[in-house]
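K.L.:
Single-letter residue listing:
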Amino acid sequence: AQKVTQTQTSISVVEKTTVTMDCVYETRDSSYFLFWYKQTASGEIVFLIRQDSYKKENATVGHYSLNFQKPKSSIGLIITATQIEDSAVYFCAMRLYDTNAYKVIFGKGTHLHVLP
Amino acid sequence: DMKVTQMPRYLIKRMGENVLLECGQDMSHETMYWYRQDPGLGLQLIYISYDVDSNSEGDIPKGYRVSRKKREHFSLILDSAKTNQTSVYFCASSSVNTEVFFGKGTRLTVV
Chain A
5 AQKVTQTQTS ISVVEKTTVT MDCVYETRDS SYFLFWYKQT ASGEIVFLIR
55 QDSYKKENAT VGHYSLNFQK PKSSIGLIIT ATQIEDSAVY FCAMRLYDTN
105 AYKVIFGKGT HLHVLP
Chain B
550 DMKVTQMPRY LIKRMGENVL LECGQDMSHE TMYWYRQDPG LGLQLIYISY
600 DVDSNSEGDI PKGYRVSRKK REHFSLILDS AKTNQTSVYF CASSSVNTEV
650 FFGKGTRLTV V
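These protein sequence lines are chains A and B, in that order.
First residue of the first sequence: 5, per our numbering; consecutive thereafter.
First residue of the second sequence: 550, per our numbering; consecutive thereafter.
Hints were generated in silico from the structure; no laboratory data involved.
Among the hints, a few may not be true.
[Unchecked claim] Capping the alpha-carbon separation at 20 angstroms, the derived lysine to any residue pairs in SDA-like fashion look like this:
no., chain 1, residue 1, chain 2, residue 2
1, A, Lys59, B, Glu648
2, B, Lys653, A, Lys59
3, A, Lys112, B, Pro610
4, B, Lys618, B, Gly573
Bound conformation, chain B alone (with noise of 0.2 angstroms):
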């Protein structure tokens, strides 16, 4: 079954608290991504990871991090979180051929 899941779907965190946002696939896709999504914006490219412990900067990356250390699984990162990344996550993933395959996205509050 060709998914990619996400936890948790929905976060509320306080601001200044450290975020961990998790990401599965069972594609064995090479590359994975993080977007986000706000009203009007469209989906923005956070991070992006060309294979293990192999990450680049996106398009807005101030105030995340990200960690692979397995193919199968791309952690997104935000050190003391603020209220400004009150957004929805998304993450992805893709082989070389192939289009994006989505999750259901994470929907976080900052508060």
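Just chain A, with the same shape it has in the complex (with noise of 0.2 angstroms):
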């Protein structure tokens, strides 16, 4: 089955300090995208950053990098310098090809909560 898993359900930090989120998948695919995006407590969903299978180079924009770890099915986020305002719940997701057409899907979303 191709899938996308977090088995982090909920994380607390103190702010100004470093957190990675997990995220391991499941595909068939030789060529594939992953994405990280955070929806915030207003409902918003918008995407952080990606990275593209076939680079070796560790995505990075801003204070979110990735760590990505192919032959592990893995692709953890790291965002450095936590603040307040990160506190939200960051979903990992996968673009595969399914049954001769592509489609995107979603982890279950790790809660972040970053505290003063």
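Both chains come to you apart, so use the hints to assemble them.
P.N.:
Here's what the structure looks like:
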């Protein structure tokens, strides 16, 4: 089965520290895209960062970076210097081909609480 | 301005009524999606559309149908709504090499 799994349902950290959120995926595809999204308290879902499977370098955008370990089918999201405003639910997603067409599937999310 | 717009944002319907959720995008994306989100279940794919009149079932299509007559517009229809269809519905769009862009969601309550 092709799927995305986030095992951490909730994480709490103190602000200004670094946090890593885990995500593992299963796919038959040799080429795929991986994404991380943030859902704010208002419910809005915002794209953060992406990793293309053929790229060896880990993607970085602002204070978000990825730890892509292809042999382990793992794509961790790292947030450095966390801020209170980073408190949200974070979703890992994968774009894959299924029955001759592509679709995007999501993990169940990790709720991050950044404490003062 | 790259945007996915959903209407309405909030909706209350009685069980058995028909429901129409509308979605538009201004990016000429060929692919559009409908997801529903329930607590603890993440985002579940209801339907995906690859272009006009080219729609495929997602993981939970039962009780729903869709319509896409223009590339920029994708509708989700609930014929005879049920209480277990109370949820938050998200429309989204993407192109071949882009991320998925989401609308702000529609909170549907079926009473």
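K.L.:
Look at each hint and say if it fits the structure.
P.N.:
Here is how each hint holds up against the structure:
1. Lys59(A) / Glu648(B): Holds - the C-alpha atoms of Glu648(B) and Lys59(A) are around 16 angstroms apart, at most 20 angstroms.
2. Lys653(B) / Lys59(A): Measuring from Cα to Cα gives roughly 31 angstroms; hence the hint is violated.
3. Lys112(A) / Pro610(B): 19 angstroms, holds
4. Lys618(B) / Gly573(B): 12 angstroms, holds
Hint check: a violation occurs at hint 2 only; the rest are consistent with the structure.
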